[in-house]
Amino acid sequence: MNRAGAVILAIGQTSACGVGAQALLKPVAATDEHEIATAAGDVLVRTHPAGVAGIESLIPARKLRRVDRFSQIALLAAASALRDAGLSDGARIGLVFAAGHGPLGATFAFQDGLIAGGDREASPFAFTASVHNMLASQVSIALGISGPCLTLSALELSPAMAFQSASHWLARRDVDFVLVGCGDELCPLSLYAAATLGSECGLEPGEGFVAFVLGRDDETQKPIARIESIDIFDDSASAARVLSRADRIVHADGGRAWGSMTSEQAFDAAASALRLRDESGAKRISCVRTAIGSTAIVTLTR
Amino acid sequence: MTQPPVIVTGLGCVCAAGGALAATMASLHAGRRAPSAAPFKTDLDRRYPVFAVHDPLASPEGLAISREEFESAPRSAQLALIAAIEAIEQAGIPSEKLRGARIGVCLGATVGCTLNDEPFYAAFKRGERPDPAPIARYLNGHPARFVARALGLRGPAALVANACSSGADAIGVGRDWIESGLCEIALAGGSDELSRIPYLGFASLLNMSDEPCRPFDRARRGLNLGEGAGVMVIESRAAAEMRGGAALASVAGYASCCDAHHPTAPHPEGRGLRRAIESALAEAGIEPREIGFVSAHGTATTENDRVEGRVLAEMFGPRIPLIATKAYTGHTLGAAGAIQAVIAVRSLLDRRIAATAGFEEADPACGAHPLTRAIDCAARAALSTSLAFGGNNAALIFRRNPQ
Numbered sequence: 186m187n188r189a190g191a192v193i194l195a196i197g198q199t200s201a202c203g204v205g206a207q208a209l210l211k212p213v214a215a216t217d218e219h220e221i222a223t224a225a226g227d228v229l230v231r232t233h234p235a236g237v238a239g240i241e242s243l244i245p246a247r248k249l250r251r252v253d254r255f256s257q258i259a260l261l262a263a264a265s266a267l268r269d270a271g272l273s274d275g276a277r278i279g280l281v282f283a284a285g286h287g288p289l290g291a292t293f294a295f296q297d298g299l300i301a302g303g304d305r306e307a308s309p310f311a312f313t314a315s316v317h318n319m320l321a322s323q324v325s326i327a328l329g330i331s332g333p334c335l336t337l338s339a340l341e342l343s344p345a346m347a348f349q350s351a352s353h354w355l356a357r358r359d360v361d362f363v364l365v366g367c368g369d370e371l372c373p374l375s376l377y378a379a380a381t382l383g384s385e386c387g388l389e390p391g392e393g394f395v396a397f398v399l400g401r402d403d404e405t406q407k408p409i410a411r412i413e414s415i416d417i418f419d420d421s422a423s424a425a426r427v428l429s430r431a432d433r434i435v436h437a438d439g440g441r442a443w444g445s446m447t448s449e450q451a452f453d454a455a456a457s458a459l460r461l462r463d464e465s466g467a468k469r470i471s472c473v474r475t476a477i478g479s480t481a482i483v484t485l486t487r
Numbered sequence: 035m036t037q038p039p040v041i042v043t044g045l046g047c048v049c050a051a052g053g054a055l056a057a058t059m060a061s062l063h064a065g066r067r068a069p070s071a072a073p074f075k076t077d078l079d080r081r082y083p084v085f086a087v088h089d090p091l092a093s094p095e096g097l098a099i100s101r102e103e104f105e106s107a108p109r110s111a112q113l114a115l116i117a118a119i120e121a122i123e124q125a126g127i128p129s130e131k132l133r134g135a136r137i138g139v140c141l142g143a144t145v146g147c148t149l150n151d152e153p154f155y156a157a158f159k160r161g162e163r164p165d166p167a168p169i170a171r172y173l174n175g176h177p178a179r180f181v182a183r184a185l186g187l188r189g190p191a192a193l194v195a196n197a198c199s200s201g202a203d204a205i206g207v208g209r210d211w212i213e214s215g216l217c218e219i220a221l222a223g224g225s226d227e228l229s230r231i232p233y234l235g236f237a238s239l240l241n242m243s244d245e246p247c248r249p250f251d252r253a254r255r256g257l258n259l260g261e262g263a264g265v266m267v268i269e270s271r272a273a274a275e276m277r278g279g280a281a282l283a284s285v286a287g288y289a290s291c292c293d294a295h296h297p298t299a300p301h302p303e304g305r306g307l308r309r310a311i312e313s314a315l316a317e318a319g320i321e322p323r324e325i326g327f328v329s330a331h332g333t334a335t336t337e338n339d340r341v342e343g344r345v346l347a348e349m350f351g352p353r354i355p356l357i358a359t360k361a362y363t364g365h366t367l368g369a370a371g372a373i374q375a376v377i378a379v380r381s382l383l384d385r386r387i388a389a390t391a392g393f394e395e396a397d398p399a400c401g402a403h404p405l406t407r408a409i410d411c412a413a414r415a416a417l418s419t420s421l422a423f424g425g426n427n428a429a430l431i432f433r434r435n436p437q
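Protein sequences appear in the order of chains A and B. Residues 186 to 487 in the working numbering are what the first sequence lists, from first letter to last. Residues 35 to 437 in the working numbering are what the second sequence lists, from first letter to last.
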């Protein structure tokens, strides 16, 4: 078991459940339905889209000029988490984002411009927005975070990797707090992928961003929950040993209100942390994501 | 928290300067560079030279995947694997020991983590319901997972997508994995391929040069794109000793800081770069005067070279020996920080620093400038710096003959 020694001090999120951490505990979320034309016929794809209602109350409008929609979703989650944590010294805050598939809207907006106008009309703004770490950059600029900044992509295992990096920075005392963010964005091509590659498993793509403020586990903090361990195993026996200690196990299986995302495990962790704080019962919850023969387990305690 | 430094036991590199590290170093020391026309068509009025890997990428022997799977993989993934194998061979890890070994793979990438299949996307936009195979290829071609799968490795596998500092940051993340016990050995570095999308993107930003780049030169006109991969085998000293591996150098310091200033331009005073270097020096426990040379980011853009040069001059003195490897490799984006670092370690071991091609006249605004002829260097420590879109700054310090 790989002990983390970190605590969750604040959570911000926006997803199909709405805006704000407590919204994750709602049983019902907004969904859309799309008829996607494929070579095999039309396929119905249900999605779980997010929204950016209320962002102006957290970020001045002038800072949102030329900020794309996915960046706004991330900003909303990150800003609310930082506000709730009451942090101000950006130099001692690090930032780790789990990119999933990156800013899909911006990626394809750049290609849309090439298709419409040709190579000579390539948009420098669209290209810049499509760079994978631009999400983290927009957040660092808007919120004044100047510590280490990392964007990771390990697809479905990205949240666990992000938590692991953050925990290690805290243990090394490189920073005092880390803003960990994980999210995914819907776009027409992701619906097409769901209709073609994901249709057999009933994939319902989700969209959203969840942000955590992590700190070191010491006597001064009043955390929402503790991150006891972060493990990535290639063998089922090791995973089973960790899971045997959990009061509750949450598998990222695409079945929850926020839909199926590479960042699903992060949303599970957020909801689990809130339940540990607010509900009696489970004292240790393990959030699990399995992909390509690896099992990532993030275990939380009160 | 003080940890024994992670050590470097193997180096691998494939780039325009050479199909392996020895060939790359030979090109640098001969002042030989090979820019070429882009290997794809555009409708732009101007043509910008690139630094391409011209040798065919042959499927290595003894892989845990088929030749067909190698040949159908994205080029970024192929380049990463070739550099990784070179590094593993130098580290003295026999291939039979790789299968099932818990070795992490942490690679920087930009093109490699994006779905950039233009014909597929154009067909989709036209409503033609195209075969989704390119999507599957993108998912299966994740360079870090591909390298792990090809070598039969167990262990964490992730890409660092920090734009131009990705390769340097990936070495830092790999180091973190070893320190935290996630794995004892890691393949850390970066890989990227030439592609129309970033070529057109950088052209739109008006920061590419239509001649071979001239890092830190007074007449510099911008960057040239390149492709390639740089990979190190890094491990805990205990892991190396247990298997009889020899330490080439140690990762004495690593730090990353964000400018929080502008999406594309560096902070005008190099605020984040300065803090990253200071933090790396503090971690390594060395003074600036102990740094023998700097392997600089040196893109040959007006602002990068000005900011980076000034920070290096102010922190190490204007005469600090400096090499800008992009003169030979082009800007390899996600691979850049790793290729620079591999070359820095090799230069430390060889005790000789190559001159930088294309640099002829110093720009007073830069403060520091590259070598115009090769020099011997007995110093034991070198610094490698990276600056990136998004305001990321990374500093790596390597020490020869680790204590």
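It is possible that part of the hints are untrue.
Derived, one-sided and incomplete: chain A residues facing chain B with beta-carbon distance under 10 Å [said to hold, decoys possible]:
| id | residue |
| --- | --- |
| 1 | Val213 |
| 2 | Thr216 |
| 3 | His219 |
| 4 | Lys248 |
| 5 | Ala270 |
| 6 | Gly271 |
| 7 | Leu272 |
| 8 | Phe282 |
| 9 | Asp297 |
| 10 | Leu299 |
| 11 | Ile300 |
| 12 | Ser343 |
| 13 | Asp416 |
| 14 | Gly478 |
Hints in this document: simulated from the structure, not taken from any laboratory. Note that the structure is predicted; figures quoted are calculated from it, not measured. We treat Cβ as the ideally placed atom computed from N, Cα and C, and that holds for glycine.
A quick look at each hint next to the structure:
no. : hint   : verdict
1   : Val213 : violated (31 Å)
2   : Thr216 : violated (23 Å)
3   : His219 : violated (14 Å)
4   : Lys248 : violated (12 Å)
5   : Ala270 : violated (18 Å)
6   : Gly271 : violated (19 Å)
7   : Leu272 : violated (14 Å)
8   : Phe282 : holds (9 Å)
9   : Asp297 : holds (7 Å)
10  : Leu299 : holds (7 Å)
11  : Ile300 : holds (6 Å)
12  : Ser343 : holds (8 Å)
13  : Asp416 : holds (9 Å)
14  : Gly478 : holds (8 Å)
Checked against the numbered hints given earlier, this structure breaks hints 1, 2, 3, 4, 5, 6 and 7; the rest are met.
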